[in-house]
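From first to last, the protein sequence lines are chains X and V.
So the first sequence is numbered by the working numbering: it starts at 1 and just counts up by one.
So the second sequence is numbered by the working numbering: it starts at 174 and just counts up by one.
Just so you know, these hints were derived from the structure itself, not from any lab.
A portion of the hints provided could be inaccurate.
[To be verified] Per the computed footprint, the stretches of chain V lying under chain X, defined by three or more beta-carbons under 8 Å from a beta-carbon of chain X, are:
| no. | segment |
| --- | --- |
| 1 | 178-186 |
| 2 | 199-211 |
| 3 | 222-235 |
| 4 | 240-252 |
| 5 | 261-273 |
[Said to hold, decoys possible] The calculated lysine to aspartate or glutamate pairs, modelled on EDC-like cross-linking and capped at a C-alpha distance of 20 Å, are:
| no. | chain 1 | residue 1 | chain 2 | residue 2 |
| --- | --- | --- | --- | --- |
| 6 | X | 27 | V | 270 |
| 7 | X | 95 | V | 270 |
| 8 | X | 86 | V | 249 |
| 9 | X | 95 | V | 249 |
[Claimed, not checked] With beta-carbon atoms standing in for the labels, derived distance ranges:
| no. | chain 1 | residue 1 | chain 2 | residue 2 | range |
| --- | --- | --- | --- | --- | --- |
| 10 | X | 2 | V | 273 | 49 to 55 Å |
| 11 | X | 104 | V | 276 | 25 to 31 Å |
| 12 | X | 16 | V | 263 | 34 to 40 Å |
Backbone N, C-alpha and C fix where the C-beta goes; we use that ideal spot for every residue, glycine too.
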Amino acid sequence: MSGEYLAFLALALVAITGGVLMLNLTKVVHMVIALVFTFISIAGLYVLLSAEFVAVVQVLIYSGAVTIMMLFGIMLTRHQEEEGEKTTTGGFWRKALTAIAVFAFGIAVYLGVYRLDFGEEGARLHENNTEQIGMALYSHYTIPFEIASVILLVALVGAIILAKKDDEGAPKS
Amino acid sequence: MSSVSLSVYLVLALILFCIGLYGALTKRNTVIVLICIELMLNAVNINLVAFAKYGAHPGITGQIFALFTITVAAAEAAVGLAALMALYRNRKTVHIDEIDSLKH
Chain X
1 MSGEYLAFLA
11 LALVAITGGV
21 LMLNLTKVVH
31 MVIALVFTFI
41 SIAGLYVLLS
51 AEFVAVVQVL
61 IYSGAVTIMM
71 LFGIMLTRHQ
81 EEEGEKTTTG
91 GFWRKALTAI
101 AVFAFGIAVY
111 LGVYRLDFGE
121 EGARLHENNT
131 EQIGMALYSH
141 YTIPFEIASV
151 ILLVALVGAI
161 ILAKKDDEGA
171 PKS
Chain V
174 MSSVSLSVYL
184 VLALILFCIG
194 LYGALTKRNT
204 VIVLICIELM
214 LNAVNINLVA
224 FAKYGAHPGI
234 TGQIFALFTI
244 TVAAAEAAVG
254 LAALMALYRN
264 RKTVHIDEID
274 SLKH
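Given only the sequences and the hints, what does the whole structure look like? Please build it.
The following block contains the structure:
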């Protein structure tokens, strides 16, 4: 029972609880808030895995930006929902079949990974983590880094064009 | 098993991935489907970072890959949400079972 193990247990419990709450809550905003717990505990797991920079990025991007963006999406598309409206698609049998299929997938992957162990440990990952990432990013991965900036630009322009109001003369679909 | 090793992280990521997959397949609100996809991408990121520490060749590369995945996931969320806005303006619904023009 090391401290690392206890921390892992607590963070994993919070992460899975957030996911299960997301599946079971009825209000959409509550589902997103439940997932914030999952995202933050995943950031804690990154710290356990000696990836401090990725942890900070996770908190910034997921718990901050993506969640706020999803909340805006919910608020902008919200219309009066009557009480007791369904939150899932399909009937009981379809959901049961989906659950069985997902469970079977989970079992299949679990059988593959549950005793996977390479017996090695990257002991130097936490020393100057950000510096290591910066060195690798600007030496080995310069081209993917630049392409990522192009992807962000394309996503920015595309999102603006998709979300802006149509012109008056545009054909209504 | 009282020490944290590679397999526990992989199993946790598997559980989160399954939750995300089930939610993405059954939820009715399109925003929730999008955020379930984000959850699945997060599970994959856990795998990448776990392999960066405990994999056959530990190194910083896995973390770099996780960063790139986060970048692409953020771009995907933005574009998906914009498409959802356009859809909502045309169809006045966000329920995924009412968006079925291709079926008729």
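Against the structure, the hints come out as follows:
1. 178-186: holds (count 8)
2. 199-211: Our answer is that it holds, as 10 residues pass the Cβ test (under 8 Å) against chain X, meeting three.
3. 222-235: holds (count 12)
4. 240-252: Holds, because 12 residues of the segment 240-252 of chain V bring their Cβ atoms closer than 8 Å to Cβ atoms of chain X.
5. 261-273: holds (count 7)
6. 27(X) / 270(V): holds (18 Å)
7. 95(X) / 270(V): holds (14 Å)
8. 86(X) / 249(V): The hint is violated at about 27 Å.
9. 95(X) / 249(V): violated (27 Å)
10. 2(X) / 273(V): 49 to 55 Å: holds (53 Å)
11. 104(X) / 276(V): 25 to 31 Å: holds (27 Å)
12. 16(X) / 263(V): 34 to 40 Å: holds (38 Å)
In the structure shown, a violation is registered for the earlier hints numbered 8, 9, in ascending order.
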